[in-house]
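Asker: Here is how the chains run, residue by residue.
Number of protein chains: 2
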Amino acid sequence: MKKIGVALLGLGVVGGGTYTILKNNHDSIRKNDGIDIEVTHILEKNTARCEAMGVDMSIVSTDIEKVVNDKNTHIVAEFFGGIEPAKTFLTKCLLAGKSIVTSNKELISKHWPDLEAAAKKGKAGIYFEASCVGGVPIIRTLTESMQGNNVLSLKGIVNGTTNYILSKMDGEKQEYANALKQAQELGYAEANPVSDVDGFDSMYKLSILSTLAFHNKVPIEAIYREGISDIHKIDMNYGKMFGYTLKLLAIAKKVDGKIEARVHPTFIPNDNPMASVKGSFNAVSIEGDNVGEIMLYGRGAGALPTGSAIVSDIVFAAKQSKPQYTSYKNSNDVSLRNFSRDFITGYYLRMTIIDKPGALASVAKVFAKNHVSVKTMQQLSGASEDRVDAVFILHKTRESNVKKACEELKSVKCVAGINALIRVEE
Amino acid sequence: MKKIGVALLGLGVVGGGTYTILKNNHDSIRKNDGIDIEVTHILEKNTARCEAMGVDMSIVSTDIEKVVNDKNTHIVAEFFGGIEPAKTFLTKCLLAGKSIVTSNKELISKHWPDLEAAAKKGKAGIYFEASCVGGVPIIRTLTESMQGNNVLSLKGIVNGTTNYILSKMDGEKQEYANALKQAQELGYAEANPVSDVDGFDSMYKLSILSTLAFHNKVPIEAIYREGISDIHKIDMNYGKMFGYTLKLLAIAKKVDGKIEARVHPTFIPNDNPMASVKGSFNAVSIEGDNVGEIMLYGRGAGALPTGSAIVSDIVFAAKQSKPQYTSYKNSNDVSLRNFSRDFITGYYLRMTIIDKPGALASVAKVFAKNHVSVKTMQQLSGASEDRVDAVFILHKTRESNVKKACEELKSVKCVAGINALIRVEE
Chain U
1391 MKKIGVALLG LGVVGGGTYT ILKNNHDSIR KNDGIDIEVT HILEKNTARC EAMGVDMSIV
1451 STDIEKVVND KNTHIVAEFF GGIEPAKTFL TKCLLAGKSI VTSNKELISK HWPDLEAAAK
1511 KGKAGIYFEA SCVGGVPIIR TLTESMQGNN VLSLKGIVNG TTNYILSKMD GEKQEYANAL
1571 KQAQELGYAE ANPVSDVDGF DSMYKLSILS TLAFHNKVPI EAIYREGISD IHKIDMNYGK
1631 MFGYTLKLLA IAKKVDGKIE ARVHPTFIPN DNPMASVKGS FNAVSIEGDN VGEIMLYGRG
1691 AGALPTGSAI VSDIVFAAKQ SKPQYTSYKN SNDVSLRNFS RDFITGYYLR MTIIDKPGAL
1751 ASVAKVFAKN HVSVKTMQQL SGASEDRVDA VFILHKTRES NVKKACEELK SVKCVAGINA
1811 LIRVEE
Chain W
1391 MKKIGVALLG LGVVGGGTYT ILKNNHDSIR KNDGIDIEVT HILEKNTARC EAMGVDMSIV
1451 STDIEKVVND KNTHIVAEFF GGIEPAKTFL TKCLLAGKSI VTSNKELISK HWPDLEAAAK
1511 KGKAGIYFEA SCVGGVPIIR TLTESMQGNN VLSLKGIVNG TTNYILSKMD GEKQEYANAL
1571 KQAQELGYAE ANPVSDVDGF DSMYKLSILS TLAFHNKVPI EAIYREGISD IHKIDMNYGK
1631 MFGYTLKLLA IAKKVDGKIE ARVHPTFIPN DNPMASVKGS FNAVSIEGDN VGEIMLYGRG
1691 AGALPTGSAI VSDIVFAAKQ SKPQYTSYKN SNDVSLRNFS RDFITGYYLR MTIIDKPGAL
1751 ASVAKVFAKN HVSVKTMQQL SGASEDRVDA VFILHKTRES NVKKACEELK SVKCVAGINA
1811 LIRVEE
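Note that the protein sequences, when read in sequence, are chains U and W. The first sequence runs 1391 to 1816 under the working numbering. The second sequence runs 1391 to 1816 under the working numbering.
Do not rely on the hints blindly, as some may be mistaken.
Identical chains share a label here; the pair holds if one copy fits it or two copies do between them.
[What the hints assert, rightly or not] Calculated lysine to aspartate or glutamate pairs in the DMTMM-like style (CA-CA distance at most 25 Å, straight line):
{"hint": "1", "residue 1": "K1709", "residue 2": "D1423"}
{"hint": "2", "residue 1": "K1456", "residue 2": "D1504"}
{"hint": "3", "residue 1": "K1413", "residue 2": "E1677"}
{"hint": "4", "residue 1": "K1500", "residue 2": "D1423"}
{"hint": "5", "residue 1": "K1803", "residue 2": "D1732"}
{"hint": "6", "residue 1": "K1421", "residue 2": "E1455"}
{"hint": "7", "residue 1": "K1712", "residue 2": "D1423"}
{"hint": "8", "residue 1": "K1786", "residue 2": "D1504"}
{"hint": "9", "residue 1": "K1413", "residue 2": "E1775"}
{"hint": "10", "residue 1": "K1413", "residue 2": "E1474"}
{"hint": "11", "residue 1": "K1648", "residue 2": "D1732"}
{"hint": "12", "residue 1": "K1456", "residue 2": "D1423"}
{"hint": "13", "residue 1": "K1794", "residue 2": "E1616"}
{"hint": "14", "residue 1": "K1511", "residue 2": "D1423"}
{"hint": "15", "residue 1": "K1513", "residue 2": "D1423"}
{"hint": "16", "residue 1": "K1482", "residue 2": "E1616"}
{"hint": "17", "residue 1": "K1413", "residue 2": "D1646"}
Hints were generated in silico from the structure; no laboratory data involved.
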């Protein structure tokens, strides 16, 4: 029987979930996978929490050197989050030959090459299934199941907090601020929600997932990012009338042989399977040239779902006879698209029009001048009698053209305001 | 660079797809995974097909001994289907130390222990990702991503042919015979469609998937099986009125600590994500005690999707320093439920009633006597003026009670016929 010592750096939400799973499933992992896992160290300041969880207090400390110097610790699972001290501690562990398991998407997306160098030196492995989409095995799918494919695109709802907020706005017709407040009260959103609602969390995950999918570096700096805090429920309602549901989508695809990666609120057709991904659930679809489209769906966060991914990585790592790490940059053949935010998508555009004969004609003229083509348009009752909401669904167009048209529309007499511009992916 | 020789037994649909992927992706697999794959042998009688695919004819033969005795062949991928000669050939290969990769669900579900014994003797591995749900990485998910969970249930649409037929009946309101004919014309169904439409194919897959999910043998003999050939479109239409979509579902779950496994037409709520799995697409959901519900979706069949799974197994096998096989019966702790087809589910029941005062009362009396409880009921216009269709949705009940009630209803005067009894899973 292979005996594996595991150190846990942190015993917060996910650390605690992992500890619980390792304890409850110790015997079944022993029996099913032939691995006898022992928790050898827990680094945690909050000793009360450790006591409450029934941890043997002799293994609790705040001293990373104890972990690094322990020959009976083979795998180190990190739950601190953020860059420091996680990076310093994990680098020490890797150099000492201990494989690391982490859910730290910020650390991996920002410092993958540094960790990889340490892993190479220390002959250790790096595993981060838990960093993206909680318990959903998306990393394992990309590394172990897509070898017979060139990935063409990857799309996902990869942040549970924003999907919860958008679902509330959609289903219960709440405004953004209310939905956020409720998410905070329920613990789905942080007191400072910036990382989630402004799309940073999704950006970190997209960097990791698309780097794996395309075997090509996709650093966070190359990802266009836009959050959901400017979204109004009126646009979600209007979108529904046109057959669309709004989601914060992480998208990476090959366009003209280059990689384009972006995170932004996106209207998708109601009958797209992703449109029915509700609340804190997540989903990722991958399109391979041979397998076609596959989609994975499940809980993207939470103590036990994420703990489940951590434990699967621990067992996976323990079963390897040689530690594994996936290289950050297997190749750089496909360069990143220098799109200057000028990607080509469909658009939903809402403006306020002063309802006079010829109003639509003058708007249409500006569109035509900028090569913007309208797919469908509807005039809706507005704030006052002479002012109406006009919603346009635009055909796939270069974004610079749409932006230029919007700029010019501002000086058109009958246009009282450009209120919302939201991208549409069919 | 690790050089791996691969023999292909058969160059039919999936064999051909695999050959194409190995050829087209040779360089990318070399670069991304560090494996240099060479096809060393192809066993195929149809030499014209081999020539048409541009195969080097010096590697084509019908002689398995050439494969068995070739030291430069490390992995053997089988595409014959059925039991023989696949079993004899693969056993020889395993005994000679060659790992096998197969999409042969019938062989694995019926002879897993025999193959395992040969693999153990020959120190070889067995990989069968492609046997269940084509390109969807469901096997890898069960073996490499669920180690931190006790699986509570597994449900899936695992046969593309029947899902295509049911989708046609649902969407285009066709009768079964028409939909089947169309599926045959398009190559989605075999000339002899029994294996698909009578649920054998789903049963093989459920045996494999549930054995892996529960770490417990679930032989095909323990699986209740019922096909779709008796399904009428009228019941699909009526089901829709009650909010249900009909699917051929493979279901395995723990009930009272025992495993219950069954394949049968099943009504599921329209808003269940599986209800929107259309055409030849497949989906499997797994419920783990820690991860909650995860779902995988994609193409369950076809040359390239299944070839994609075969190639992922070849690369996965090639990367292992020690060949792997998953034991057929890790434990037998959880015995199989001797349900005698007496499981507990909801039911959809359609009968023809002679529309007279007191008719419903006499039906209700029989239900009550047999402890069958009605959730909702609707009378619908029937074949003639005095005969109406009555549809009952029954609460979760022991099936023996429902069957007994149906038997007794036949002798109730106002009941002209019991027309359909379909299980409902909420």
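Asker: Next step is simple, just say for each hint if it's right about the structure.
Answerer: We went through each hint and held it up to the structure:
no., hint, result
1, K1709 / D1423, "both (8 Å within a copy, 19 Å between copies)"
2, K1456 / D1504, "within (23 Å within a copy, 48 Å between copies)"
3, K1413 / E1677, "between (38 Å within a copy, 20 Å between copies)"
4, K1500 / D1423, "between (33 Å within a copy, 23 Å between copies)"
5, K1803 / D1732, "neither (28 Å within a copy, 74 Å between copies)"
6, K1421 / E1455, "neither (32 Å within a copy, 38 Å between copies)"
7, K1712 / D1423, "both (17 Å within a copy, 15 Å between copies)"
8, K1786 / D1504, "neither (40 Å within a copy, 57 Å between copies)"
9, K1413 / E1775, "neither (66 Å within a copy, 67 Å between copies)"
10, K1413 / E1474, "neither (28 Å within a copy, 46 Å between copies)"
11, K1648 / D1732, "within (14 Å within a copy, 57 Å between copies)"
12, K1456 / D1423, "neither (28 Å within a copy, 35 Å between copies)"
13, K1794 / E1616, "within (19 Å within a copy, 61 Å between copies)"
14, K1511 / D1423, "between (29 Å within a copy, 20 Å between copies)"
15, K1513 / D1423, "both (23 Å within a copy, 18 Å between copies)"
16, K1482 / E1616, "neither (35 Å within a copy, 58 Å between copies)"
17, K1413 / D1646, "between (50 Å within a copy, 24 Å between copies)"
In the structure shown, a violation is registered for the earlier hints numbered 5, 6, 8, 9, 10, 12, 16, in ascending order.
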